[in-house]
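Chains P and B, in that order, give the protein sequences. In terms of the working numbering, the first sequence is numbered consecutively and its last residue is 277. In terms of the working numbering, the second sequence is numbered consecutively and its last residue is 355.
Incorrect hints may have been included.
Below, a sample of chain P positions facing chain B; criterion: calculated Cβ distance under 7 Å [stated by the list, open to error]: (1) I70; (2) Y82; (3) A89; (4) P93; (5) R96; (6) A100; (7) K111; (8) M127; (9) E179; (10) E221; (11) E225; (12) G226.
Hints listed in this document are in silico derivations from the structure and should not be mistaken for laboratory results. Note that the Cβ used here is the ideal one computed from N, Cα and C, for glycine as well.
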Amino acid sequence: MAPDIDSIAPTEAVADSIDLTPMPGETLVFDKPESLRSTLTHYCPGCHHGTAHRLVAELLDEMQLREKAIVIGSIGCSVFIYNYLDIDAVEAPHGRGPAAATGVKRARPDKFVFTYQGDGDLASIGMAEIMHAANRGERLSVVFVNNTVYGMTGGQMAPTTLIGQKTTTCPGGRCLEREGAPIRMAEIIASLGGVAYSARVSLDSVKNIRAAKKALRRAFEVQTEGVGFGFVELLSGCPTNWRMTPVQANNRIRTEMIPYFPLGVFKDVATLNTEGE
Amino acid sequence: MTQRTGKRVFIKGNEAVGYGALAAGCRCYFGYPITPQNEIPEMLSSALVEAGGEFVQAESELAAANMLLGAVSTGVRAMTSSSSPGISLMQEAISYMAGSELPGVIVNMNRGGPGLGDIGPAQGDYYQSTRGGGHGDYRTMVIAPSTCQEAYDMMIEAFDLAYKYRNPVLVLGDGIIGGMKEPVTLWQPEKTDDKVEGWQLDGAKGREKRLICSLFLAEGALAQQNRHLLAKYTLMQKEARAECFMTDDAELVVVAFGSMGRIAKSGVRKLREAGHKIGLVRPITLYPFPTDVLADLAARGCRFLTIEHNTGQMVDDVRLAVRKHADSDFFGIMPGDMPGAEDLMAPMIDALGRK
């Protein structure tokens, strides 16, 4: 079942554009990518979706993919990615992004097709779809935002919630015996035969954001080069549902998330082989 | 429709579905194995690929239907097929497709239910097919073949209707249609213009970006979308069709669809030969339902007997259609039982005797 989206403002109400034209006497020193629209996002202060969107948009520009890109929106906070990226988009039901993307790519193999999914969408309700799309080696790219909670519905426990982490549905903290251990998706995806690239990066610091862009580029390249499935897990902050300031949230990524979700490239191959290595 | 000439082959209804899809220019098939429709993916796994299309055996019916959603969003002709339990899993995507106004053809070779039921024929999915089936307020078009030739013909029709109305179209057969072998003429239709240029997703090159979604959060936006969908469903009503057999002077009209319609026809024919004024209406489209045909017969004073391979579903629509002048009796073959012509004649003789 899809999360309740009543809690956020209507699409059109937040879709106001901002004018980025410099005023007289001002010099433009930082511009937005062409693939990013001048739309104000509905994201909370300190949320990393904006950073992730920008990285994706920069790469669409740099790799000249904007005019042939189709994004499959998922259900969760990032459902409105289709308002923020200036590319064609189709909305898939909760967790079904990789299945819908398979349909898009099989129908239009010449297009650049990617999903953008949260941890509830991808690692819980959509686990079957992500695993099989990856295993088939669909020529797709997947941007996976892991912030260890269900953001849009108000901070419930996610499959990635850390042991001991308190959420609205595990108020005493996630318990290993009761709820199991958080799922490490980038490593699982890397183990599948159809995958050409799988990495985990973090958006907590400038250094890590630069590394994240490199990883995303590679996940896009394995599609455009026809090698196989590309996957990037982005460790991201959700200050609102973590009940933290943005600075505290960045610190939590470093001190709590990265130790459990190690950063790194778990697979990067030039060609797929039958051993799946 | 063009002239119906072509190679004549002796094939199963499931294969006729596959050949019909190929003739209709279907480019992508997504599906998951389930009896009694396995010949459809089996034949398309080679025939569609040989024709330059794409075949994907999905990880589930859930995924298959969402692959369909993705493929048709790019404006290509695509389909899936399954049987009852699998169709239940597809309802999520079908609802999204209806809400997003996406075309797409879904074949259901109805088997016995509820639950896992059996793998024999049944018509227990009538409500699910004609009332939307998934969450929200929507309708899918539903057409019901009663022969292998119709299974072929209706695949061609289904694709045309799906793209004409940008709406999912269900082809509702059953285990009888799917597994039965008959001679089928493989005629080739003329190519239809699907008019997808205005909405298909093919990359925002030299145009504004496009969005296909079923989410409408702005004040009044969802109500407007539902009004728009309702207007479309109203427009669809003109596609309603039924086969009328010996109804001109009939006093008792039997109403049955799909394979039951065909078996009932044998009974009606025999009773005609015995001098009874009996006829048959076989709805070909189940949504839109051929209300006018039945209403006209009711106004003429006909009595009605609805026969289905379920415990009574279409009879609701028959009663609504004839309600100003008549009612309808009902006779149901239980899902799990397999009727012959004599089984369906008994309730007809009974109804004739009640006068």
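Each hint tested on the structure:
no., hint, in the structure
1, I70, "holds (5 Å)"
2, Y82, "holds (5 Å)"
3, A89, "holds (5 Å)"
4, P93, "holds (5 Å)"
5, R96, "holds (4 Å)"
6, A100, "holds (4 Å)"
7, K111, "holds (6 Å)"
8, M127, "violated (10 Å)"
9, E179, "violated (24 Å)"
10, E221, "violated (18 Å)"
11, E225, "violated (18 Å)"
12, G226, "violated (15 Å)"
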